[in-house]
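Participant: For the protein sequence lines, the chains are A and B, in the order given.
Going letter by letter, the first sequence gives residues 1 to 296 in the UniProt record's numbering.
Going letter by letter, the second sequence gives residues 1 to 296 in the UniProt record's numbering.
It should be emphasised that the hints constitute simulated quantities derived from the structure, not laboratory data.
Don't take every hint at face value.
With a straight-line Cα cutoff of 35 Å, these simulated DSBU-like cross-link-like pairs (lysine-lysine) come out [as the list claims (entries may be wrong)]:
| hint | chain 1 | residue 1 | chain 2 | residue 2 |
| --- | --- | --- | --- | --- |
| 1 | B | K138 | B | K247 |
| 2 | A | K247 | B | K34 |
| 3 | B | K271 | A | K141 |
| 4 | A | K104 | A | K63 |
| 5 | A | K138 | B | K247 |
| 6 | A | K34 | B | K62 |
| 7 | A | K62 | A | K34 |
| 8 | A | K141 | B | K207 |
| 9 | A | K34 | B | K207 |
| 10 | A | K34 | B | K63 |
| 11 | B | K203 | B | K138 |
| 12 | B | K138 | A | K104 |
| 13 | A | K260 | A | K10 |
| 14 | A | K207 | B | K207 |
Predicted model, so just to flag it, every value in this text is computed and none were measured.
2 protein chains.
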Amino acid sequence: MNSKLAEFLKTRKAVIEQRLFSYIQELQAPSSLKQSMLYSLQAGGKRLRPILVLALLHAYRKKEADGIPVGCAVEMIHTYSLIHDDLPCMDDDDLRRGKPTNHKIFGEATAVLAGDALLTESFKMITTSVSTEVSAEKRLKLVNELISAAGAEGMVGGQILDMEAESRQISLEELQSVHEGKTAKLLSFSVIAGAILADAPSKEIEKLREFSYHIGVAFQIRDDILDLEGSEAKIGKRTGSDMTNGKSTYPSLLSLEGAKQKLIEHIQEAKQIISQLSLEKELLCEFCDMIADRDH
Amino acid sequence: MNSKLAEFLKTRKAVIEQRLFSYIQELQAPSSLKQSMLYSLQAGGKRLRPILVLALLHAYRKKEADGIPVGCAVEMIHTYSLIHDDLPCMDDDDLRRGKPTNHKIFGEATAVLAGDALLTESFKMITTSVSTEVSAEKRLKLVNELISAAGAEGMVGGQILDMEAESRQISLEELQSVHEGKTAKLLSFSVIAGAILADAPSKEIEKLREFSYHIGVAFQIRDDILDLEGSEAKIGKRTGSDMTNGKSTYPSLLSLEGAKQKLIEHIQEAKQIISQLSLEKELLCEFCDMIADRDH
Numbered sequence: 001m002n003s004k005l006a007e008f009l010k011t012r013k014a015v016i017e018q019r020l021f022s023y024i025q026e027l028q029a030p031s032s033l034k035q036s037m038l039y040s041l042q043a044g045g046k047r048l049r050p051i052l053v054l055a056l057l058h059a060y061r062k063k064e065a066d067g068i069p070v071g072c073a074v075e076m077i078h079t080y081s082l083i084h085d086d087l088p089c090m091d092d093d094d095l096r097r098g099k100p101t102n103h104k105i106f107g108e109a110t111a112v113l114a115g116d117a118l119l120t121e122s123f124k125m126i127t128t129s130v131s132t133e134v135s136a137e138k139r140l141k142l143v144n145e146l147i148s149a150a151g152a153e154g155m156v157g158g159q160i161l162d163m164e165a166e167s168r169q170i171s172l173e174e175l176q177s178v179h180e181g182k183t184a185k186l187l188s189f190s191v192i193a194g195a196i197l198a199d200a201p202s203k204e205i206e207k208l209r210e211f212s213y214h215i216g217v218a219f220q221i222r223d224d225i226l227d228l229e230g231s232e233a234k235i236g237k238r239t240g241s242d243m244t245n246g247k248s249t250y251p252s253l254l255s256l257e258g259a260k261q262k263l264i265e266h267i268q269e270a271k272q273i274i275s276q277l278s279l280e281k282e283l284l285c286e287f288c289d290m291i292a293d294r295d296h
Numbered sequence: 001m002n003s004k005l006a007e008f009l010k011t012r013k014a015v016i017e018q019r020l021f022s023y024i025q026e027l028q029a030p031s032s033l034k035q036s037m038l039y040s041l042q043a044g045g046k047r048l049r050p051i052l053v054l055a056l057l058h059a060y061r062k063k064e065a066d067g068i069p070v071g072c073a074v075e076m077i078h079t080y081s082l083i084h085d086d087l088p089c090m091d092d093d094d095l096r097r098g099k100p101t102n103h104k105i106f107g108e109a110t111a112v113l114a115g116d117a118l119l120t121e122s123f124k125m126i127t128t129s130v131s132t133e134v135s136a137e138k139r140l141k142l143v144n145e146l147i148s149a150a151g152a153e154g155m156v157g158g159q160i161l162d163m164e165a166e167s168r169q170i171s172l173e174e175l176q177s178v179h180e181g182k183t184a185k186l187l188s189f190s191v192i193a194g195a196i197l198a199d200a201p202s203k204e205i206e207k208l209r210e211f212s213y214h215i216g217v218a219f220q221i222r223d224d225i226l227d228l229e230g231s232e233a234k235i236g237k238r239t240g241s242d243m244t245n246g247k248s249t250y251p252s253l254l255s256l257e258g259a260k261q262k263l264i265e266h267i268q269e270a271k272q273i274i275s276q277l278s279l280e281k282e283l284l285c286e287f288c289d290m291i292a293d294r295d296h
């Protein structure tokens, strides 16, 4: 990985994590609930979603400070979704990033509630933790974008479609709409939120929605490929589970080579869009390459 | 029940339900998800929380229109909490208001997700469905109040305390803080949200926080009494379960007579506060009596 991106990822990850953890620690809430919320927030992860918010601000040459709480909000949503996804009644996973899943440590009831609390509190990161330089209208816009990305019309809806698709062969089109909801919309929120905070022109915001669609699909294709080719040690969970479960994936519908080709196409489309915008292209293009090449 | 309150309850219930159901029906989301969300929203209930928002606007002699989406938001939060509470890993209830619980009909995974979706979408009722007469600052204030009432520092926190208190004898003080989080804070949101929408003086808003604390505790005491004395047919679920489960309740800590006395005291305190405010007292005082006397 290019050293500029590596440096960006490393420094911003630290800032995001510090803010995330201190927000939870300062809540006036039962300590067992806070422990359960913190456990999953501290379980690692690349913090790609919050870092994308900051990368957009950086690319538009703006201060990143207000991107931090907004990035924390999307990371809290992502984390709640992992806790609920891992529950016995959902994917029934014992491991996540090489550690026992939340319900394995805290029990199912607390895991459900920790997810509920992370979801609820995430919005407060946007409504109260950004500086007064961000107008109330802009905060509301960010909250609305996050609801659209995370709610019935976004991630939760995608999760339902994914469950319904589990036991049958689906078309490529159906697979796209599963992942658009399940993965792409939350990544898209990060991009759009960064652009809104940066006061990007509205035409560019629409272009960035297309950009984030492509990186969202690319992200998912890479995920499916990693499930076939990846290292369990690096990913921190069992691989091969999609095939064992008879789940439709990009490789199962397009062949492994076809999926790899599709991944390259989406990354090229994403970079093509970036090249048309009034922002610093380098970091975002490296971001695209990282999504295509990541090994976990 | 006095006919003025009865008329208010009946007409406002219809308006709230219409708005709630149409919001869900119009979501661009998988139909199974919408069905599951609607099932629990349509399972009945008195809609006390949204009606309280409208009652405050009425008492301050203001238009009720913007109270409707805000009331829908709190009803969606209340409904999501019931769906998650009923899950096998939580209270494991098969019946709610005389009907099979959400997971009994739709399965646990969909029930978890329907709860998540109701929680997420609830905020959108505040951010986008009120009229432009309500400023962005005021919308943000309402969202923040709802997060405080529903999140780690409110309802979810109270739920955790309730679980932790289940198998042991707790003090009256501990019982109060369980119910403050679990029940009173969401009822309090309704009162405060109505007052904020009505532009009530900030001193009165603080008085109304005390008022809502008393009706919240009174509500819970009545709940505990109904679990001992109520009619299963009217309540729509098993009674006597608190005692069977060895759960601490107001009657178990204060005796049945002591709990009834405490209920009267809280209602008197609530009415005493109302008598000091610049609003129409009649409807709110009748509301207090209804909370004390309700049979379901």
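Participant: Each hint should be assessed against the structure and marked as holding or not.
Facilitator: Hint check:
no.	hint	verdict
1	K138(B) / K247(B)	violated, 40 Å
2	K247(A) / K34(B)	holds, 24 Å
3	K271(B) / K141(A)	violated, 40 Å
4	K104(A) / K63(A)	violated, 40 Å
5	K138(A) / K247(B)	violated, 47 Å
6	K34(A) / K62(B)	violated, 40 Å
7	K62(A) / K34(A)	holds, 33 Å
8	K141(A) / K207(B)	holds, 32 Å
9	K34(A) / K207(B)	holds, 31 Å
10	K34(A) / K63(B)	violated, 40 Å
11	K203(B) / K138(B)	holds, 17 Å
12	K138(B) / K104(A)	violated, 41 Å
13	K260(A) / K10(A)	holds, 28 Å
14	K207(A) / K207(B)	violated, 50 Å
Checked against the numbered hints above, the structure breaks hints 1, 3, 4, 5, 6, 10, 12 and 14 and satisfies the rest.
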